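Colleague: Listed below are the residues making up each chain.
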Amino acid sequence: MNSLFYALPFVMVAVLIIMGLYTVLFKRNLIKMIMGVAIIQNGVNLFLVSLAYREGYVAPIWTSAPDVDMVLPTPHALTLTSIVIGVATTALMLSFVIMLKKHYGTTDSHETRRCKE
Amino acid sequence: MSLDLVNASPAFILGIPLLFAFLTPLADRISKELRDAVFMIGLLLTVLFVAVMSYEVFTAEGWAYVFGAEETGEITRFSFFRIMFVADGFAALATITVAITALGAGIYSFAFMEGQSGMEKFYTLFLLTLAGVNGMILTADLFNLFVWFEVTSIASCGLVAFINYKGKSVEAALKYMFISVIGGLFLLLSIGLLYGEYGILNYFAIAESVNGGVVDRVALSIILVVLAMKASSVPMHMWAPDVYTESPGAVTPFIAITSLGSLFVLFRILFVVFRYSVSTAALGGLLIILGLLSMFVGVSMALKQSDVKRLIAYLSVSQIGYMLLAVGVGFSTLENGDYATFGALALEGGFFHMINDGVYKALLFLSAAAIVYSTGTRNLNKLGGLAHRMPYTTMFFLIGGLSIAGIPPLSGFSSKLLIYKSIYLYHPILAIIALVVSIITFALIGKVFYNAFLGPDLGLSKGEVPTTMLLAMGILTAVVVVFSLFPNYVVAEIVVPAVEALGVTA
Amino acid sequence: MNWKMSRVVRTVTDVMVVPIIVFGIYLIIHGHLTPGGGFQGGAVVASSTALLIIAYGSFRDYKKDFSSVESIGLTLFIFLAILGILLGATLFYNFGAGTGGLFGGRVAEGINPGYINTGGTVPLMNIMVGLEVTAALSLILWMMAKSSDSMEVEA
Numbered sequence: 001m002n003s004l005f006y007a008l009p010f011v012m013v014a015v016l017i018i019m020g021l022y023t024v025l026f027k028r029n030l031i032k033m034i035m036g037v038a039i040i041q042n043g044v045n046l047f048l049v050s051l052a053y054r055e056g057y058v059a060p061i062w063t064s065a066p067d068v069d070m071v072l073p074t075p076h077a078l079t080l081t082s083i084v085i086g087v088a089t090t091a092l093m094l095s096f097v098i099m100l101k102k103h104y105g106t107t108d109s110h111e112t113r114r115c116k117e
Numbered sequence: 001m002s003l004d005l006v007n008a009s010p011a012f013i014l015g016i017p018l019l020f021a022f023l024t025p026l027a028d029r030i031s032k033e034l035r036d037a038v039f040m041i042g043l044l045l046t047v048l049f050v051a052v053m054s055y056e057v058f059t060a061e062g063w064a065y066v067f068g069a070e071e072t073g074e075i076t077r078f079s080f081f082r083i084m085f086v087a088d089g090f091a092a093l094a095t096i097t098v099a100i101t102a103l104g105a106g107i108y109s110f111a112f113m114e115g116q117s118g119m120e121k122f123y124t125l126f127l128l129t130l131a132g133v134n135g136m137i138l139t140a141d142l143f144n145l146f147v148w149f150e151v152t153s154i155a156s157c158g159l160v161a162f163i164n165y166k167g168k169s170v171e172a173a174l175k176y177m178f179i180s181v182i183g184g185l186f187l188l189l190s191i192g193l194l195y196g197e198y199g200i201l202n203y204f205a206i207a208e209s210v211n212g213g214v215v216d217r218v219a220l221s222i223i224l225v226v227l228a229m230k231a232s233s234v235p236m237h238m239w240a241p242d243v244y245t246e247s248p249g250a251v252t253p254f255i256a257i258t259s260l261g262s263l264f265v266l267f268r269i270l271f272v273v274f275r276y277s278v279s280t281a282a283l284g285g286l287l288i289i290l291g292l293l294s295m296f297v298g299v300s301m302a303l304k305q306s307d308v309k310r311l312i313a314y315l316s317v318s319q320i321g322y323m324l325l326a327v328g329v330g331f332s333t334l335e336n337g338d339y340a341t342f343g344a345l346a347l348e349g350g351f352f353h354m355i356n357d358g359v360y361k362a363l364l365f366l367s368a369a370a371i372v373y374s375t376g377t378r379n380l381n382k383l384g385g386l387a388h389r390m391p392y393t394t395m396f397f398l399i400g401g402l403s404i405a406g407i408p409p410l411s412g413f414s415s416k417l418l419i420y421k422s423i424y425l426y427h428p429i430l431a432i433i434a435l436v437v438s439i440i441t442f443a444l445i446g447k448v449f450y451n452a453f454l455g456p457d458l459g460l461s462k463g464e465v466p467t468t469m470l471l472a473m474g475i476l477t478a479v480v481v482v483f484s485l486f487p488n489y490v491v492a493e494i495v496v497p498a499v500e501a502l503g504v505t506a
Numbered sequence: 001m002n003w004k005m006s007r008v009v010r011t012v013t014d015v016m017v018v019p020i021i022v023f024g025i026y027l028i029i030h031g032h033l034t035p036g037g038g039f040q041g042g043a044v045v046a047s048s049t050a051l052l053i054i055a056y057g058s059f060r061d062y063k064k065d066f067s068s069v070e071s072i073g074l075t076l077f078i079f080l081a082i083l084g085i086l087l088g089a090t091l092f093y094n095f096g097a098g099t100g101g102l103f104g105g106r107v108a109e110g111i112n113p114g115y116i117n118t119g120g121t122v123p124l125m126n127i128m129v130g131l132e133v134t135a136a137l138s139l140i141l142w143m144m145a146k147s148s149d150s151m152e153v154e155a
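Protein chains in written order, with the numbering used here: chain A, 1 to 117; chain B, 1 to 506; chain C, 1 to 155.
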């Protein structure tokens, strides 16, 4: 029972990634697809942060810290980098959707398919 | 602490494009000529440092470059916690391919993008993509690979959507962006799995402690699928025709270079990290299946195209199949003892085909873009008789086309001969399929050449393209000719060190 | 179409922009001691641009200035990294740690109340990245507001 409780973050990661993939695959509106990509980004960031956790340890900051051991700091650095990359990709994808709306007049992904097979 | 520029050349290959990418908008505020000069200086300095690093690797031995260390050239036990760049024969082969194609595409873009506004952003994105691909190839740290992977996908998507007065290029860029970003997120997931299992992110450190458990196999399959997606292998190739067709003409060989770069990275990860822990026969078999699918689907879809650039895009998908096939055969012989007979030959053929393909594919795409620049149409049903007004472009297209079809004495023939010889000894049916695909490729090149260039003069073209575009295509043609005339020299000096650097010796 | 908000909102915005920018600069400078650093502080300072665009509904054409500040920030960042090579060590070498001079104090071991004068190149790179992120995010917000016609561009 105890180990199931500590495995809960990883179950949430799986739920988030599946929800994000469902949104990208099955929704027609382009903005909703970008929101799905953001949900997958959040899921992967949660996975990286919950890899670092050890039971009973505190955040890895030396400034005025309590006198106990600290969790691993490397995945926190990886997560920060991933969040920054997520901001850049979301901004670029939203800019593409704005330009696409100007040229095609719609944000329906079934209508914006003019590159032929 | 001494200033050792040759030892620091991997860092300069990465750092010089990054620095000049952000100097270009500052130079643009002063004058346009200064911006063009700054871009050219950045490109030429990168090519210079690639040459310096390759010369040092081929004459002396390879080395590892550690970021943030105090002494250069000294590996302590702390070095595996820092970011490490590795400069060996494989990195030299890959960066030479990238540098030659980037030089050609960069010189071509001066005249092709004449009159476009916002050119300083084009040069920034171009140099950022170059830095990203070089970083992906040189790095020996898993998370650094993810960072350069994302930099490459963001910058190349920006380049694809650059000319946007119609909507199609933006649509192609959005499709590419969705697939690349989701692929990058899954790559980060697998890197997190490997970090959580082993606690360290360096390729060599993981290679010492990896076992063949479930976590390893999941991570390996995700990495394989994502990098093969970026390399446009079937069944993940759906972005490739749209992106190659709708991107501006000077940018298309650069997107092809990002595909080749991810293929180089995939092979490095397979050979360095996962070689001793998984069954190489099974993994090689998977690569062979992907290669066969890519070859066949690529060339079949190209048969019914009437758009020049889309046809060459499908041909490029099928050439990726050749590389996957050859390296798959070489990888699967590492276990069953046939390596000395034909496995080494398969690896040499595969790597030689990669550097050949980078150069002649760029040449084909640039000459197709010259057709578009000169006539304004891409439709093969409307073109005809361009050889009367554009003799140089005809010759360049002919050399590139004969090379991709594998006709002697051009360079494509040498690499394809090595591939046929080795995979025939693995299983004869593979060589027969590869030969049939090559014959169909030759037929397609003949069709394009006949439709576009031969025939009576229809008066479509405005004349020969500007001189800088001819200069860029001429540089690439000169490299193809050099590779054609001295193939054994090229294989012995450039390709064999790459095969040996991956740790495989007979 | 005039998108500006009421006088109360505009006055509160005028008052609140200064503490937001100061808090953002505090996050940037103290990045090597407490959670924060270049990106986080830069995002906070860029949110003041968002506040100004929304409250006033019009903004001057600072596109070239934002772009130049962004380029200057990143050029200095990479130049600081390459300076490590030119001083004889490797890329991104921390040549200010432990020596005298700017940000050159000795890092205290263990739990300490946080001395800002430590870290070497790390706070300098934080400042450069903060400059770049501020300018880049403000530019993105400006361009998106202009293209969705919810902001008019003053001369």
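Worth flagging that the hints you see were computed from the coordinates, not collected in a lab. Do not take every clue at face value.
As the list claims (entries may be wrong) - Simulated crosslink set (DSSO-like; lysine-lysine; CA at most 30 Å straight-line):
id, chain 1, residue 1, chain 2, residue 2
1, A, K27, B, K32
2, C, K4, B, K32
3, A, K27, C, K63
4, C, K4, C, K146
5, C, K146, C, K63
A quick note: this is a predicted structure, and the numbers were derived from the prediction, not measured.
Colleague: If a hint holds in the structure, say so; if it doesn't, say that too.
Modeller: Quick rundown of the hints versus the structure:
Our distance criterion of 30 Å between C-alpha atoms is broken by A/K27 and B/K32, whose separation comes to about 45 Å. With a CA separation close to 38 Å, the supplied pair C/K4 and B/K32 exceeds the 30 Å bound. Straight-line distance between C-alpha atoms of A/K27 and C/K63 comes to about 35 Å, which puts the hinted pair past the 30 Å bound. Of the supplied pair hints, the one linking C/K4 and C/K146 holds, its CA atoms being roughly 14 Å apart against a limit of 30 Å.
Only pairs whose Cα atoms come within 30 Å are accepted, and C/K146 paired with C/K63 is accepted, the gap being roughly 11 Å.
Consistency with the previously given hints fails for numbers 1, 2, 3, ordered from lowest to highest.
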